[in-house]
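Visitor: Sequence:
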Amino acid sequence: MINTLTELYSSFDELLDGISEICKKCSYYDCMGYLWLLPDEAKKLLDADIELLTVNNGINFINPFKAGEEIDIERFKPICPWFKNHLCRIRSLRPLVCRMYPLNFAAEHDNIYLVLHLDCEYAKINKGNKNFQQKATDLFRQINTQFFQQILNSYRLVNNIIKFPRGPNRYLKLANVRQINLKIL
Numbered sequence: 141m142i143n144t145l146t147e148l149y150s151s152f153d154e155l156l157d158g159i160s161e162i163c164k165k166c167s168y169y170d171c172m173g174y175l176w177l178l179p180d181e182a183k184k185l186l187d188a189d190i191e192l193l194t195v196n197n198g199i200n201f202i203n204p205f206k207a208g209e210e211i212d213i214e215r216f217k218p219i220c221p222w223f224k225n226h227l228c229r230i231r232s233l234r235p236l237v238c239r240m241y242p243l244n245f246a247a248e249h250d251n252i253y254l255v256l257h258l259d260c261e262y263a264k265i266n267k268g269n270k271n272f273q274q275k276a277t278d279l280f281r282q283i284n285t286q287f288f289q290q291i292l293n294s295y296r297l298v299n300n301i302i303k304f305p306r307g308p309n310r311y312l313k314l315a316n317v318r319q320i321n322l323k324i325l
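Every number in the working numbering is 140 more than the matching position in the sequence shown, counting from 1.
Be careful, since some hints might not be right.
[To be verified] Computed cross-link-like contacts, EDC-like style, restricted to lysine to aspartate or glutamate with a CA-CA straight-line distance of at most 16 Å:
1) K164 x E261
2) K275 x D157
3) K217 x D259
4) K313 x D278
5) K303 x E261
6) K224 x E161
7) K275 x E154
8) K206 x E191
9) K264 x E191
10) K275 x D153
11) K164 x D250
12) K165 x D259
13) K313 x D259
14) K165 x E261
15) K313 x D250
16) K313 x E210
17) K206 x D187
[What the hints assert, rightly or not] What follows is a set of in silico ranges between Cβ atoms, one per label pair, in the way DEER data are often shown:
18) I219 x T194: 26 to 32 Å
19) D153 x D250: 30 to 36 Å
20) L192 x Q289: 20 to 26 Å
21) E154 x K264: 18 to 24 Å
22) L193 x H226: 20 to 26 Å
Hints in this document: simulated from the structure, not taken from any laboratory.
The beta-carbon is built from N, C-alpha and C at its ideal position, and this holds for glycine as well.
When you get a sec, could you build the whole thing from the sequences and use the hints?
Guide: Right, dumping it as structure tokens:
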């Protein structure tokens with residue numbers, strides 16, 4: 141059972157072992173957009189003097205805007221300021237949304253799905269790999285129900301304010317989160 145962020149981070153590091161080598165060769169800027177944070181992650185990043193952007197008094201993101209730059213929340217997918225030369229400069233502090241990429245959540249109607257983003261080179265390699273997809277789904281099944289609910293609650297807050305002016309992301313649905321954990325609301 142995965143009960144803590146540290147355990148979850150470790151599980152994703154194991155599942156996505158080798159992704160960094162593929163990222164170095166990739167031309168797609170995956171480290172972009174508004175990178176949302178869980179409450180504990182926001183505190184940890186603030187303690188490390190990493191600037192956050194807070195929306196609606198509680199949804200935290202890594203601040204994608206450069207110091208002195210005008211804040212434009214309508215900007216489509218700004219690149220993370222900590223991403224340089226296909227490397228994360230805050231790798232040990234990177235949040236869940238970064239650690240789980242190219243896995244993510246996607247909402248459709250009243251459902252939330254675990255998805256694999258198809259623009260990522262690592263995802264392109266694994267989109268037909270049923271073993272990888274099963275391991276990814278199983279990882280989420282191992283998350284303590286209450287902890288998983290907290291993660292999904294943060295995702296829902298983010299999903300309520302995001303928009304995709306150029307259409308939704310391209311992804312492969314792996315599972316409805318209700319199928320992953322039957323106790324999820």
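Visitor: It remains to establish, for every hint, whether it holds in the given structure.
Guide: Now for the hints, and whether the structure bears them out:
1. Pair hint K164 plus E261 holds up; C-alpha atoms about 10 Å apart against a cutoff of 16 Å.
2. Between K275 and D157 the alpha-carbon distance is near 13 Å, which keeps this suggested pair within the 16 Å criterion.
3. Using a Cα cut-off of 16 Å, the hinted pair K217 and D259 holds, with the two alpha carbons roughly 14 Å apart.
4. Proximity of K313 to D278 is assessed by CA-CA distance (about 14 Å); at most 16 Å being required, the pair is judged to hold.
5. Between K303 and E261 the alpha-carbon distance is near 24 Å, which puts this suggested pair outside the 16 Å criterion.
6. Annotation: proposed proximity of K224 to E161 holds, straight-line Cα distance about 15 Å (limit 16 Å).
7. Taking the CA atoms of K275 and E154, the gap is about 11 Å. The hint holds against a cut of 16 Å.
8. Distance check on the hinted pair: K206 and E191 sit about 10 Å apart at the alpha-carbon level, within 16 Å; holds.
9. Only pairs whose Cα atoms come within 16 Å are accepted, and K264 paired with E191 is rejected, the gap being roughly 33 Å.
10. For the suggested pair K275 and D153, the alpha carbons sit about 13 Å apart, so the restraint of at most 16 Å is met.
11. Proposed proximity of K164 and D250 is contradicted: the alpha carbons are some 37 Å apart, above 16 Å.
12. Between K165 and D259 the CA atoms are separated by roughly 14 Å; this keeps the pair inside 16 Å, and the hint holds.
13. Taken as a hint, the K313 and D259 pair is honoured in the structure, with Cα atoms around 14 Å apart against an allowance of 16 Å.
14. A hinted pair counts as satisfied when its Cα atoms are at most 16 Å apart, and K165 with E261 qualifies at roughly 9 Å.
15. The hinted pair formed by K313 and D250 meets the criterion: a straight-line CA distance of about 15 Å does not exceed 16 Å.
16. Between K313 and E210 the alpha-carbon distance is near 36 Å, which puts this suggested pair outside the 16 Å criterion.
17. Taken as a hint, the K206 and D187 pair is broken in the structure, with Cα atoms around 19 Å apart against an allowance of 16 Å.
18. Distance hint for I219 and T194: a CB-CB separation of about 20 Å, inconsistent with the stated range 26 to 32 Å.
19. Distance hint for D153 and D250: a CB-CB separation of about 32 Å, consistent with the stated range 30 to 36 Å.
20. In this structure the hint that L192 and Q289 lie 20 to 26 Å apart at CB holds, the actual value being about 23 Å.
21. A hinted range of 18 to 24 Å holds for the C-beta pair E154 and K264, which are about 21 Å apart.
22. At roughly 23 Å, the beta-carbon separation of L193 and H226 lies within the given 20 to 26 Å, and the hint holds.
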